[in-house]
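Model the full assembly from the supplied sequences, consistent with the hints where possible.
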Amino acid sequence: MRILLVEDDAMIGTALCVALRDEAYAVDWVKDGVAAGLALENAEHQAVLLDLGLPKRDGLEVLRRLRSRNSKVPVIIITAREALGDRVTGLDLGADDYLLKPFEVPELLARLRAVIRRQGGQAGAVLTNGSISLDPASREARRGDSVQQLSPREFALLHALLLQPGKILTRAELENRIYGWNEEVESNAVDFLIHSVRRKLGADVIRNVRGAGWMVEQGS
Amino acid sequence: MSRSLQRELSRALGIGIVAAGIVAAAVSFGFAYRQAQELQDETLREIAMLAAGHATASRGAAFELADSRPAARDSDAKVLLWSLSSKARPAWLPADLAPGFHTLAGESERMRVFVHAAGHERIAVAQSTDLRDESAINSALLTLLPLLVLVPLLVALVSYIVRREIAPLRRLSAVLDAQPAGEPRPLPESDIPEEAASFVAAINRLLGRVNKLIGHQRRFIADAAHELRSPLTALSVQARNLEQAASPEKMRERIAPLKAGIERARHLTEQLLDLAKSEAGGGEGTKSGGEIDVALLARDLIAQRLPEAGQRGLDLGLEQLAPATLRGSEAVLRLILKNALENALRYTPAGGEVTVRIAAEGEDVLIEVLDTGPGIPEAERERIFAPFYRIAGSEGEGSGLGLAIARDAAARLGGRISLHARKDGTGTVFRYRQRSERSPGA
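Going line by line, the protein sequences match chains A and F. When we follow numbering that gives the first Met the number 0, the leftmost residue of the first sequence carries the number 0, and every step to the right adds one. When we follow numbering that gives the first Met the number 0, the leftmost residue of the second sequence carries the number 0, and every step to the right adds one.
Simulated from the structure, these hints should not be mistaken for laboratory data. Worth double-checking, as some hints may not be accurate.
Unchecked claim - In silico lysine to any residue, SDA-like type, Cα no more than 25 Å apart, as pairs:
1. K258(F) - E106(A)
2. K249(F) - Y178(A)
3. K55(A) - K77(F)
4. K337(F) - L175(F)
5. K249(F) - E183(A)
6. K258(F) - D21(A)
7. K258(F) - G289(F)
8. K30(A) - P376(F)
9. K211(F) - E106(A)
10. K249(F) - L99(A)
11. K55(A) - A224(F)
12. K30(A) - A259(F)
13. K258(F) - K199(A)
14. K55(A) - A420(F)
15. K30(A) - I390(F)
16. K249(F) - R80(A)
17. K258(F) - R20(A)
18. K249(F) - A34(A)
19. K30(A) - A224(F)
20. K199(A) - A245(F)
21. K249(F) - V184(A)
22. K258(F) - L99(A)
Printed below as a string of structure tokens:
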């Protein structure tokens, strides 16, 4: 799960990166509106945390441009701007949520999970394809009676697959969702993660489609 | 008790009117009394003349006056008439009384007597002084009547007029009382007496200034509240990160940013307090304080900041081109230079140089802080003094208050702050200029 963090305050940005990585998110962090615009063009992120008071280009303008390109990536505005007008404008411009600084990290994470979940078309908190279910809040995967605690990276992999059951994801796509820009990805890292998930939940959890990539079965 | 214009005016005018009334009454009474007595004397004289005429016209009849009884007796006015040569005249009336008016002691009361010489006959007309006085007083008292009616009327009228004229002032104070303290509106200037109009205009000018100040303060508080959110957000996330740390190593790693976050919040709070102090200080005490040895102060500040400069890899030094002494509060000058130095240290990249330079120009002392930072674009050099203003995209977590504090403080010392581009390369020159303190002998 890859998040774009747009925040000009270095201290808040650094701390949020740590907090989000703790929760198994891959985080890319940009510090101004123009850089945010560029990063969003590649559409590699599953959610955006957007500060409004940004240098070079205001956060609301970043949002407006994003939505005018018809991008559906969930956006949570995190800002110190309290005025009702800003909140309404932000939501009207297509933000999915609005969080006022200072916020509590658990609340930010819960809202993040919620917008990502809705984006995947699932209303419930727990992702499932019928046979496997994954709880993003606790990072627990359940298959039948067996409940397994996943590592952040394992969780990110399974989460990416479970968001769109039946869809084949390539190695590059998986790497993209699991790792941020600055993270060194070893060539067999994805294989290693798939192996460990299979070891915990059973070999048939993730199907390998030769030459195409990996998928989880769409539940019946 | 406070002075009431209405009460005092009413009282002063009332006392004045009553006093004037009393004086007028006394004078009027006196005149009327004397006039009444003169009138009575005149009557006595006329009676005497008439009696004498009567006597000479019918000789013999005059002698009939010299009866054992008074010759004639006016029952009301009690005018007594005698011939002085008659034996009937009472004992208290001397026979050789000179012609004219006399006041003599009678049998039981004092008598006013007029003696008229008609040929060899002398006629005395007498009247009791008590009676005369009583009637004179009565007629004099009558003249007081209009005054007695007028004085209370005047007092009432004056108090009514004073009340009416004061009424606009009362209304003004009611309007003032009804003003919300947070945003007082100007007072109505119509229907105000001329004398109060300038006063009202002055109040309105004051209200204008108060409103401006309140607006300024309100914006500042809003900005301050807004600015407090950032360090709080950082702290809240950092604390949570520390809590979530999976291992002791991770925990140690996460303590440093939390400390930095606390330091940032502390710095912002300190800056806010400095600004509050400097604004609360306002105009007072601007020139107070003794002589400041600028070089000594600069060395002290540099020594304090040396560890920070070392941490950031900056070369911090002093360049003294001229001896400098300033008059004023050392604490205020320290505040100015501390903020300048903090800014320079914060925004100069590692390997750079920060210099405090003390120079003289004419009668002015210049204290400059030169850095080798990125410089400040010309368009920003004025705006950057506004509280919480930070140049977009600048690194570092300044509060955006330092320069606002410095400018306030400079105004208190009677000095001036300006920012300039370095001529010898990139960087900023912060310049504080103040008229130097010359010892009287020099």
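Going down the list of hints, with the structure as the test:
no.: 1; hint: K258(F) - E106(A); result: holds (23 Å)
no.: 2; hint: K249(F) - Y178(A); result: holds (20 Å)
no.: 3; hint: K55(A) - K77(F); result: violated (121 Å)
no.: 4; hint: K337(F) - L175(F); result: violated (44 Å)
no.: 5; hint: K249(F) - E183(A); result: holds (20 Å)
no.: 6; hint: K258(F) - D21(A); result: holds (20 Å)
no.: 7; hint: K258(F) - G289(F); result: violated (39 Å)
no.: 8; hint: K30(A) - P376(F); result: holds (20 Å)
no.: 9; hint: K211(F) - E106(A); result: violated (40 Å)
no.: 10; hint: K249(F) - L99(A); result: violated (28 Å)
no.: 11; hint: K55(A) - A224(F); result: holds (24 Å)
no.: 12; hint: K30(A) - A259(F); result: holds (19 Å)
no.: 13; hint: K258(F) - K199(A); result: violated (40 Å)
no.: 14; hint: K55(A) - A420(F); result: holds (23 Å)
no.: 15; hint: K30(A) - I390(F); result: holds (14 Å)
no.: 16; hint: K249(F) - R80(A); result: violated (33 Å)
no.: 17; hint: K258(F) - R20(A); result: holds (21 Å)
no.: 18; hint: K249(F) - A34(A); result: violated (30 Å)
no.: 19; hint: K30(A) - A224(F); result: holds (23 Å)
no.: 20; hint: K199(A) - A245(F); result: holds (21 Å)
no.: 21; hint: K249(F) - V184(A); result: holds (22 Å)
no.: 22; hint: K258(F) - L99(A); result: holds (23 Å)
Hint compliance for this structure: hints 3, 4, 7, 9, 10, 13, 16, 18 are not met, and every other hint is.
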